[in-house]
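Taking the hints into account, I'd like the entire structure generated from these sequences.
Heads up: the protein sequence lines correspond to chains A and B, in order.
Take 1 as the starting number for the first sequence in this note's numbering and just add one per residue.
Take 1001 as the starting number for the second sequence in this note's numbering and just add one per residue.
You can trust all of the hints, since none of them are fake.
Result set (DSS-like, lysine-lysine): computed pairs, CA atoms no more than 30 Å apart in a straight line:
#1 A:LYS259 to B:LYS1259
#2 B:LYS1337 to B:LYS1400
#3 A:LYS148 to B:LYS1262
#4 A:LYS5 to B:LYS1459
#5 A:LYS502 to B:LYS1126
#6 B:LYS1399 to B:LYS1275
Hints are computed from structural coordinates only; laboratory data are not their basis.
Protein chains: 2
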Amino acid sequence: MNWQKRTAKCGEISLSDVGNEVIINGWADSVRNMGGMIFFDVRDRYGLVQAVIEPENQKELANRAKELRSEFVVWIKGNVRNRENPNPNIPTGMVEILVSDFGIINKAEVPPFEIKDDIGTNEEIKLRYRYLDLRRSIMQKYMLTRNKVYQIAHLYFYDNDFVEIETPVLMKSTPEGARDFLVPSRINQGKFYALPQSPQIFKQILMVSGYDRYMQIVKCFRDEDLRSDRQPEFTQIDVEMSFVEQDDVFSVTEGFFVKLWKEVLGYDLAEPFQKMSYEEAMTRFGSDKPDLRFGMEIVNITDIVKNAEFKVFSEVIASNGLIGLINAKGCASYSRKQIDELTEFAKKYGAKGLAYIKILPNGEINSPIAKFLTQEETGNIIKAANAEDGDLLLISSDKKYRALTILGALRIEIAKRSGILDSVKDKFSFHWVVDFPLFDYDEESNRYVAMHHPFTSPKEEDIELLDASPAQARAKAYDLVVNGAELGGGSIRIHQEDVQKKMFSLMGMSDETAEAKFGFLLKALKYGAPPHGGIALGLDRIVMTLTGTENIRDVIAFPKTTTGLSLLDGSPSEVDSEQLSELGISLALKEE
Amino acid sequence: MNWQKRTAKCGEISLSDVGNEVIINGWADSVRNMGGMIFFDVRDRYGLVQAVIEPENQKELANRAKELRSEFVVWIKGNVRNRENPNPNIPTGMVEILVSDFGIINKAEVPPFEIKDDIGTNEEIKLRYRYLDLRRSIMQKYMLTRNKVYQIAHLYFYDNDFVEIETPVLMKSTPEGARDFLVPSRINQGKFYALPQSPQIFKQILMVSGYDRYMQIVKCFRDEDLRSDRQPEFTQIDVEMSFVEQDDVFSVTEGFFVKLWKEVLGYDLAEPFQKMSYEEAMTRFGSDKPDLRFGMEIVNITDIVKNAEFKVFSEVIASNGLIGLINAKGCASYSRKQIDELTEFAKKYGAKGLAYIKILPNGEINSPIAKFLTQEETGNIIKAANAEDGDLLLISSDKKYRALTILGALRIEIAKRSGILDSVKDKFSFHWVVDFPLFDYDEESNRYVAMHHPFTSPKEEDIELLDASPAQARAKAYDLVVNGAELGGGSIRIHQEDVQKKMFSLMGMSDETAEAKFGFLLKALKYGAPPHGGIALGLDRIVMTLTGTENIRDVIAFPKTTTGLSLLDGSPSEVDSEQLSELGISLALKEE
Chain A
1 MNWQKRTAKC GEISLSDVGN EVIINGWADS VRNMGGMIFF DVRDRYGLVQ AVIEPENQKE
61 LANRAKELRS EFVVWIKGNV RNRENPNPNI PTGMVEILVS DFGIINKAEV PPFEIKDDIG
121 TNEEIKLRYR YLDLRRSIMQ KYMLTRNKVY QIAHLYFYDN DFVEIETPVL MKSTPEGARD
181 FLVPSRINQG KFYALPQSPQ IFKQILMVSG YDRYMQIVKC FRDEDLRSDR QPEFTQIDVE
241 MSFVEQDDVF SVTEGFFVKL WKEVLGYDLA EPFQKMSYEE AMTRFGSDKP DLRFGMEIVN
301 ITDIVKNAEF KVFSEVIASN GLIGLINAKG CASYSRKQID ELTEFAKKYG AKGLAYIKIL
361 PNGEINSPIA KFLTQEETGN IIKAANAEDG DLLLISSDKK YRALTILGAL RIEIAKRSGI
421 LDSVKDKFSF HWVVDFPLFD YDEESNRYVA MHHPFTSPKE EDIELLDASP AQARAKAYDL
481 VVNGAELGGG SIRIHQEDVQ KKMFSLMGMS DETAEAKFGF LLKALKYGAP PHGGIALGLD
541 RIVMTLTGTE NIRDVIAFPK TTTGLSLLDG SPSEVDSEQL SELGISLALK EE
Chain B
1001 MNWQKRTAKC GEISLSDVGN EVIINGWADS VRNMGGMIFF DVRDRYGLVQ AVIEPENQKE
1061 LANRAKELRS EFVVWIKGNV RNRENPNPNI PTGMVEILVS DFGIINKAEV PPFEIKDDIG
1121 TNEEIKLRYR YLDLRRSIMQ KYMLTRNKVY QIAHLYFYDN DFVEIETPVL MKSTPEGARD
1181 FLVPSRINQG KFYALPQSPQ IFKQILMVSG YDRYMQIVKC FRDEDLRSDR QPEFTQIDVE
1241 MSFVEQDDVF SVTEGFFVKL WKEVLGYDLA EPFQKMSYEE AMTRFGSDKP DLRFGMEIVN
1301 ITDIVKNAEF KVFSEVIASN GLIGLINAKG CASYSRKQID ELTEFAKKYG AKGLAYIKIL
1361 PNGEINSPIA KFLTQEETGN IIKAANAEDG DLLLISSDKK YRALTILGAL RIEIAKRSGI
1421 LDSVKDKFSF HWVVDFPLFD YDEESNRYVA MHHPFTSPKE EDIELLDASP AQARAKAYDL
1481 VVNGAELGGG SIRIHQEDVQ KKMFSLMGMS DETAEAKFGF LLKALKYGAP PHGGIALGLD
1541 RIVMTLTGTE NIRDVIAFPK TTTGLSLLDG SPSEVDSEQL SELGISLALK EE
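Shown next as structure tokens:
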């Protein structure tokens, strides 16, 4: 061994060590030759400490130190002493180590970017050199916060009688197979496993098995075209409970978040979390994950303008649509260009255009639709919007949920632009969205699809709606929302075989298909399935919320790019044809 | 909701509840109609309790109870009272619940096997109905023990400054690619991810990243022809540390096992664990994972018989082989048939035959090879073997390590047959096997392969052997062995780029291949890699050892069969060609 093992950690050396000899191991951080003294910091996971060589008295050391460069791995022996110029910004800033001996354990090439927090380096380089990127203290903070989340979760659920059970990674390809990652089987050629999109069915089977309370921190996989906030593999805190109703799942989940926020951030969350129905969330905030840290609620003006002589409005009203607005306080000064940007923004959500009413500071009205409205109508709109001089009303008229969604998106956009989001950034507003519709109607395939998933129980009082008007039926499904982001979702599941079959059939699934895909679940439900429900919490998103980053790749040690590449190891990669032939498959690339 | 939610858990009702009304939820266990009383147990994860209906006073209830069958899910309301005939075998045996109301929450078909511990049912049926199998209390014990292992591991490593970090499941296909499960990429057609055989390289990269101490409980995958104790997906407790030597890894690992054995079994393990070199383990016990709970060590008699006029021996000696024996105490009475069985057994390990010497109770010698030995030689053999009247000496002569391996296997077999293993079954003998050879010579491919893995550091004092005689070089590799089974293994890794390159080249890997496969690791080693090492512990095997089961499928909630099938969900399964075409692959089944 050509190095001396540490007796102390860099970040933990303090005034109480003054006078003692220590050995530290770590990375040289910034080597400075200043006024005849050689200073360098030595960094390990626990922090950094300053080392000093005095060339006047330490010729040999000083000579050897010439070789030292940033990111070299070193061992340092020396005496801890008080620092002449304390640095109050770091925990070890009162002391330094006067080097009595040291050695270079391993050299380092000059890194392609500096190991510090605010670097402009493009993300591709950082991902390629992830081992260097992960040395930055901000990345370390993300990873250590993530570690805390794991540990608090392990402990909390264990203390609450949950059993950690591993579900399989190699499982059957099921429902929306298109999103499954497939794994060819070598032993059973021509057959494939799938990676789980979630352990949903297995956790339900564990309830049928009597495990009562299950939890697992588990990797899930989805082979989707990736958005910037998605990863092909992501992590869930997966929870399931027997003999429960919605409120039982809520209180267990809330207890976890209260503990998490307290222990990680010292922040007190109020219990119980607020509940809001899907319908209310959509109506008031135009989103099923509303940000409740601020108001700017949607105002429905359909009634006010129902007699207006404006074709756009009257057509929408005739087809049972909705006309609504949000009041962008103080935004009457928005320029033509800004309004155009907002119009383009609204179009992304399906808007055909964007009407507005500016109430100028002098009280004058500026609006391209004013001419279609009576003065009384305009007055009533302004009154309903609670608008004052200087406000900007953004109006959407469309099919009900589309209009609401457009206004909901504009609400967030305005909050961003006007600094509202910034002003509430240290607040956390947790709440439940409940009573989701059971079904979504998929116009493309012309059938109902489960809004949550097909194992979600309908509300008892809506079961009679299933045949006559499935679209009205509500589910025992819920999402946990914080600050406009969904942290997780779950439901009370179907525990009766007949209801489950009915559900499949309403989704247009034949008995044969249901049996082929989900036969093993249907069978399990025949052998004494207890009522059960649960939730899946997005761990990546939780860590993002706790640390305040908006980049999901910041909170995953080895993430993929938005095109599914790992720039560090170069996966996915080509494999040789012999390996494929072993698996009984060959390439059949599409011509593009 | 057509059921009443529990106010108590079945297994937790005690004398202190007598006189109270409780509601329980669970599974009806065994419904008995006895002497005018209806008894049935209600079971949940926490235990079971007896419920009773008195038809004389409870006509309506008794009538409804006729419908009750085992495994029905029920809610029961009633008063806790003292039991007339206490059952001391269960924790709730002093009390029972006099039912005042109850309901059937869900019915159950008659299970294909009884839900009790000792069932002869074949494993295939049990795996197909895993949800019923998992209800058996023995299976629950396995799962709950496994849960304890997780929790103790989480806590222990966290307390010791380890950071839990997730490594990717979708990674690059590397070294022995034939064992990789591949995952075709849809977005990057023609390219494949591989599932990790271990997170080895990623955990090393985390050390390069400065995380100092890493742990993860992680699924690993190996697409091998399965043996009965292997699974295609298995779980490791994966650990890596920086700035350490072998002893540091040992003491952290030992601390974990001491805690684990104490908390799960109340068993005190002595620290530090014994260490034994690979060479010593092979020489004395004929195994690199010797069971040290009993003696029966190998006796090397090469010297004693070196002049014997026996061709089999003299040929072995001429080619530097080894002649050794084990003393099967008291087994001289073995029949011809038993000896034949042992001979067949030895052949599985490469033996051509099996020589033996019986020392009959009357002191006579019975041995097919006696005629080739002088009386003095036979006497010296008996003396060296410490043999007494009634003993059986089993002799192997072969290439050194083959002879040792054969004797090692016979040692275990004799220990099984003679009841020795049974007599030590409550003992645990933990020890380290160290100083493994760096390389194995693979006669098939005519090259050296890494015995542990190619990232394992050679011992400093053996580095000079690398060029001249690689076969002699020893590695900083170690296995943790208990009772003849390997619980884990690890090594100090190579942290210098040049040594790593040398290692690859000694394995016959060209620079280009090394770069293509491991370029990202080689590059990482250039940027300041600290000395590091670690261990991977087999979680499945640990739970098997703690619970005493020899069936790996007992300790995995949803295991695969030895042909890689999941009988529960029917995976792997065929997928439709459209799905394959999306992935850019097609079937190319081999004709068999």
